[in-house]
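Protein chains in written order, with UniProt numbering: chain A, 1 to 373; chain B, 1 to 248.
FYI, nobody ran anything at the bench for these hints, they're computed from the structure. We put the beta carbon where it would ideally sit given N, CA and C, even for glycine. Any given hint could turn out to be false.
With a straight-line cut-off of 25 Å between C-alpha atoms, the simulated DMTMM-like cross-links for lysine to aspartate or glutamate are [said to hold, decoys possible]:
1) B/K114 / A/E368
2) B/K114 / A/E337
3) A/K165 / A/E357
4) A/K373 / B/E76
5) B/K163 / A/E137
6) A/K353 / B/E142
7) B/K163 / A/E323
8) B/K54 / A/E337
9) B/K114 / A/D336
10) B/K161 / A/D336
11) A/K165 / A/E137
Which residues of chain B face chain A? A partial, calculated answer using Cβ under 7 Å [to be verified]:
12) H52
13) P53
14) V90
15) V92
16) A104
17) A107
Counterexamples of contact, computed for chain B against chain A with all Cβ distances above 12 Å [what the hints assert, rightly or not]:
18) M1
19) N99
20) G173
21) A178
22) D233
23) E236
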Amino acid sequence: MGLETKPLSTLHEKSSFDLADFEVPTGREEEWRFTPLPRLRGLHNGKAPASGHVVVEVDAAPEVTVETVGRDDPRIGTAYVPRDRVSAQAYSAFEKATVLTVPAQAVASRTTTLTLRGRGQGAAYGHIVVRLEPMAEAVLVLDHRGSAVYADNVEFVVGDGATLKVVSLQDWDDDAVHVSHHHAQLGRDATFRSFVVTLGGDLVRLSPSVSYTAPGGDADLTGLYFVDAGQHLEHRLLVDHSVPNCRSNVEYKGALQGEDAHAVWIGDVIIRVEAEGTDTYEYNRNLILTDGARADSVPNLEILTGEVAGAGHASASGRLDDEHIFYLQARGIPYDEARRLVIRGFFAQVIEKIEIEEIRQRVLAAVEAELEK
Amino acid sequence: MSTLEIRDLHVSVADKAILTGVNLTVRSGQTHAIMGPNGSGKSTLAYAIAGHPKYTVTGGEVLLDGEDLLSMSVDERARAGLFLAMQYPVEVPGVSVSNFLRSAVTAVRGEAPKLREFTKELKTGMDNLSIDAAFAQRNLNEGFSGGEKKRHEILQLELLKPKIAVLDETDSGLDVDALRVVSEGINRFRGSGDTGVLLITHYTRILRYVKPDFVHVFAGGRIVEEGGPELADRLEAEGYERYAKALA
Ligand SMILES: Nc1ncnc2c1ncn2[C@@H]1O[C@H](COP(=O)(O)OP(=O)(O)O)[C@@H](O)[C@H]1O
Ligand SMILES: [Mg+2]
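Only chain A is shown next, with the shape it has when bound in the complex (with noise of 0.2 Å):
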């Protein structure tokens, strides 16, 4: 399969399964300028060899079918095409791709759960397809743990009528290296809900996207991050709306601390010419805690067409406010304690939209963690 580009938008050029189409980066790209492509360890130059592992457990609800396949199932790239170089590299090497199927109707009964769990030195790269036959729902957790330097592609099919409900932890040893894709695809008046954690990791690089094949599709993703001394973490959104009456929403939240902790969130929305009546939000924060941290955060609206029913966009980078901090010292609260209640309370809208009581808790007790550092 060859390059295929979509030249209208220049927010999304290209897309090929084929490693040679991708020029290595050089950091000058715009995709690639805010990632420190030294520490990606040779995932997007070809010079990481796949002799690590990330080994897969899957925890699934009964309605769920859990299959390990080879290369050449055909159920492997047909909602998404790599994007980019390591995207590619991770698509021509990952041996064995783990795919879930939730049958037409069928509503999960639990929790699906696929813990991915670092086994320390070398590469590793790997693919998933999780795939909602029409009107099946369900929900699913990625639990990204240990160490690693790990690229890989995950393609959300979300069917007909179908909800797909879907919280990645990337909560990785210290010194892990994580670039990844999800990918959504989107059918007739289906939902698709992304709860994005990122705490762990040296870097981490993950890019969500979303695209709607019939009108009626409805994304919501939601991400926190909370980044530390020496961290990058980086979550570049792409919603390609190109079909009419879809929606979409898309709000992060980050908090940084310590020197040169650096976080980037890009935020591209294309509303193509045929996507009339397309309803989109997008929104990112960024908390700064202290002197030497950086947040870049840039949103991308591009709207090719004269009839939406609603896109905008907001993008902030600030400190604690003085005046909050005083406001809670003045009743006698303690500087720290001050400091804990308003960066809850900042990060309390987003954790709310958790649903699973345990995730929520696991992400409330990981931000605790944090601000206790």
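Once you've looked at the hints, dock chain B with the ligands against the given chain A.
Just chain B with the ligands, lined up with the frame of chain A:
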């Protein structure tokens, strides 16, 4: 028995001198009204005593029961027994009223109140001030009306039971009913023990509900005249023009 002593206090904001030598002593059992035109420095006095980081003390001292308040952090001052009801309470997103109040009460009392007792205490306090129960779940001051914000300040006053309370224009923006409810709260607080009140106001109307023992006229960053309650009546009749002229 507590005493707040303000001695020759000088304060600047953004390198501009605002307070130019304030002297005032408030003892428990007393209510002092500070009255003055807008921009005369009343809020500056309140914030400087409470320790707001924007206000720089360039001279003088403030003592609470002989202790140097100015060397304490904002929260230490509050725990030492000082309370400031703010003219413009700030909105703090994502922090619920109940969580905030429990944290504040725990900090000031030095131990967490028993949940059951605190719930009861909070309910009584809210009922007294005609605050709806649903209020406790809302985010701090977020979307509160002017009156709700002021009632919430007085709720905190009653829960935290400070030695000395500084109330900065608690009456402004209140309709007659809310003014009465808030004044009753202040009076309950005054009647609850050995507490002193420094009531900052632009208008005399709250003084009909909360009777002051002393009235101080503030102009140009300091006290320019002092007297008893009768001074408030004169201000009501004459306004502040006299003092503006005197300063010019
Ligand atoms: N944060 C600030 N930055 C700059 N100027 C200020 C600030 N706060 C107060 N001022 C100035 O200090 C003076 C006194 O203000 P304020 O204390 O608020 O008066 P009052 O409360 O009596 O109306 C005014 O001239 C005001 O403009
Ligand atoms: Mg004022």
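Against the structure, the hints come out as follows:
1. B/K114 / A/E368: holds (24 Å)
2. B/K114 / A/E337: holds (20 Å)
3. A/K165 / A/E357: Holds, because 14 Å separates the two Cα atoms, which is no more than 25 Å.
4. A/K373 / B/E76: holds (24 Å)
5. B/K163 / A/E137: violated (59 Å)
6. A/K353 / B/E142: holds (20 Å)
7. B/K163 / A/E323: Given pair B/K163, A/E323 holds - Cα atoms ~24 Å apart, limit 25 Å.
8. B/K54 / A/E337: Distance of about 21 Å is within 25 Å: holds.
9. B/K114 / A/D336: holds (23 Å)
10. B/K161 / A/D336: holds (23 Å)
11. A/K165 / A/E137: Judged against 25 Å, a Cα distance of about 8 Å means the pair holds.
12. H52: holds (6 Å)
13. P53: Holds - the Cβ of B/P53 comes within 7 Å of chain A, reaching about 6 Å at its closest.
14. V90: holds (5 Å)
15. V92: holds (5 Å)
16. A104: Holds - the Cβ of B/A104 comes within 7 Å of chain A, reaching about 4 Å at its closest.
17. A107: Since chain A brings a Cβ to about 4 Å from B/A107, closer than 7 Å, the hint holds.
18. M1: holds (22 Å)
19. N99: Since the minimum Cβ distance to chain A is about 7 Å, B/N99 lies within 12 Å and the statement is violated.
20. G173: B/G173 clear of chain A: closest Cβ-Cβ about 18 Å, beyond 12 Å.
21. A178: holds (21 Å)
22. D233: holds (33 Å)
23. E236: holds (31 Å)
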